[in-house]
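Student: Line by line, the protein sequences give chains P and L.
Heads up: the first sequence begins at 1 in my numbering, then just goes up one per residue.
Heads up: the second sequence begins at 1001 in my numbering, then just goes up one per residue.
Just so you know, the hints here were simulated from the structure itself, not pulled from any lab data.
If you're wondering where the values come from, they're calculated on a predicted model, not measured in any experiment.
Only true hints are included.
In silico DSS-like pairs for lysine-lysine, Cα to Cα no more than 25 Å straight-line:
1) L:K1266 / P:K109
2) L:K1104 / L:K1165
3) L:K1047 / L:K1060
4) L:K1165 / L:K1098
5) P:K137 / L:K1047
Spelled out, the chains give:
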Amino acid sequence: MSRTRKGALTRAETRFAVFSLTPVMLLFGLFSLIPIVWGIVLMFYEYNPLNLHSPFIGMDNFRRLLHDEVFLKSFRNTFRFVAIAIPANIVLTLSIAIGINQIRSRLWKNTFRTLFFLPVVAPIAGSAVVWTTMFNKDGMINIMLNMFGLQSVNWLGDPVTAMLSIILMTLWADIGYNIVIFMTGLDAIPDVFYEAARLDGASGLKAFRHITLPLLSRTSLFVLIMTTISYLQMFPQFKIMTNGEPRNETRVMALDIFDNAFTYMNMGYASAMAFVLLLIVLIITVLQIRLGRSGWEY
Amino acid sequence: MSKKSNIPYVILCLVLAFGALLMCLPYLWMVISSLKSNLEIISMQPKMLPESPTFSGYEKVLTDAPFMRWFFNSLVTSVCITVGTLFTSALAGYVFAKFRFFGKSVMFIAILATMMVPFQVVMIPTYLIITKLNLVNNLSAIVLPSLVSAFGVFLCKQFIEGIPKDLSEAGRIDGAGEFRLFRSLIVPQITPVLSALGIFTFMAAWNNYLWPLIVLNEQNKMTVPLALVFFNSRHAVNYNVVMSAAVLIMIPVIAVFLIFQRHFIKGLTISGLK
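Bound conformation, chain P alone (with noise of 0.2 Å):
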């Protein structure tokens, strides 16, 4: 107890602080840090590992991503992507979990969230593996059809359903992480606020409408953040599923940074289209904060 100041550290409690704390911020140096900051650095340069030269060439990696039709298009995929994926998911996760949450068995409640959630543990690319398969000209979706005598489809090769089909099996794949959570949500809301609107004569749709969904708001907000920034930088579907084919109508930002860094080394170029995405994943999430709070007030 030879404390002088109030919150002063002892010589023991110093050496420790210092002791555990350097490996481990080494480590984040080493692997967070450092790159983040040479990441940065990068995207000014003409950086290939495979040259001998690497010129500073200021802001040309961007002026040169401006005209880039393929880095243009997956922009605009991306957006597509984001576009469709999220709205399904949210109202797919909120409407499902608000099912589960009104089934009375308590044993049949836990199957339902269990079997939706499966996929979520199983490795993403050996479900992206399967499911194309599934998508294959000969694979389980185009027997079905053919059962209803339906026609077959070229999903995965075909422009106008390629990204449609990676849709579908990226909502099979994660949903049930938003189920979880919005179920957890709607535990949180406390029952005297339906049974008062019960007394009040509201209910169904109205209950949903004026309780619900202010009530769920900050729950919504973390799972549509999340989701953002989770599809923005969405890979492995894209890079097993089709590798951005046909006719880069499935090349998304992330894989087209993955290629342009990994397959044709231009690391620096590729740099610069990360620090593009990371602006977009910014903005978005800066914008979904400022709205989401303004619906807080209660």
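Please build the complex by placing chain L on the supplied structure of chain P, with the hints as guidance.
Tutor: Chain L alone, transformed into the frame defined by chain P:
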């Protein structure tokens, strides 16, 4: 319950049951196709069910590919990452929560800020660092960059802050060393968080595809998800073989999940909403 709510309730159950069935279809397809023979796969009239189920697909996987090797690679790297992350998160979380020192808030904010950065930004320089360290095609290239988790540090700090200070003061009066204090007073208090963090770290490590794809390209060094895709590209025509491999890879994950299910879902809500 009143009788008027019965019909909608039955409809709800049916809709949910149908949805759950749809969720199971890919697994069914996976198991069914793994039992088909090569002949059936290339026949002109594709059918849902195998006419004469065989295990030839499984045989081919287990004899043709270093399957146990892949499994071992995944297990070793995932266990190392999980143990490392738990240790660094708890320790750093404790120091950030209970000690005051110069530069603490700057360091902590730096850690938080990295959570927002997409992996696409850091993967290129991290690959260059791994190349400089001469670790390409080495399993430690998978482990090293994942030993510190910004999210884990954040999570542990939040929970440790909630532990009353008197507790550690009491330990100090007893003359316990700082590390023993941490191990015997702090760690037991945060086991729920640690188990949640452990489950998710392990799952993320086991399922990771992008980073192994960048740093591993030798067949013997591959982890399970990477190997499956590699295997798929070699046997794309005989998808019964690929589906057998998929079954062998998915079943353990699903089995582990079903056993630890309760911890799993609880962990998800702890780490997601706190």
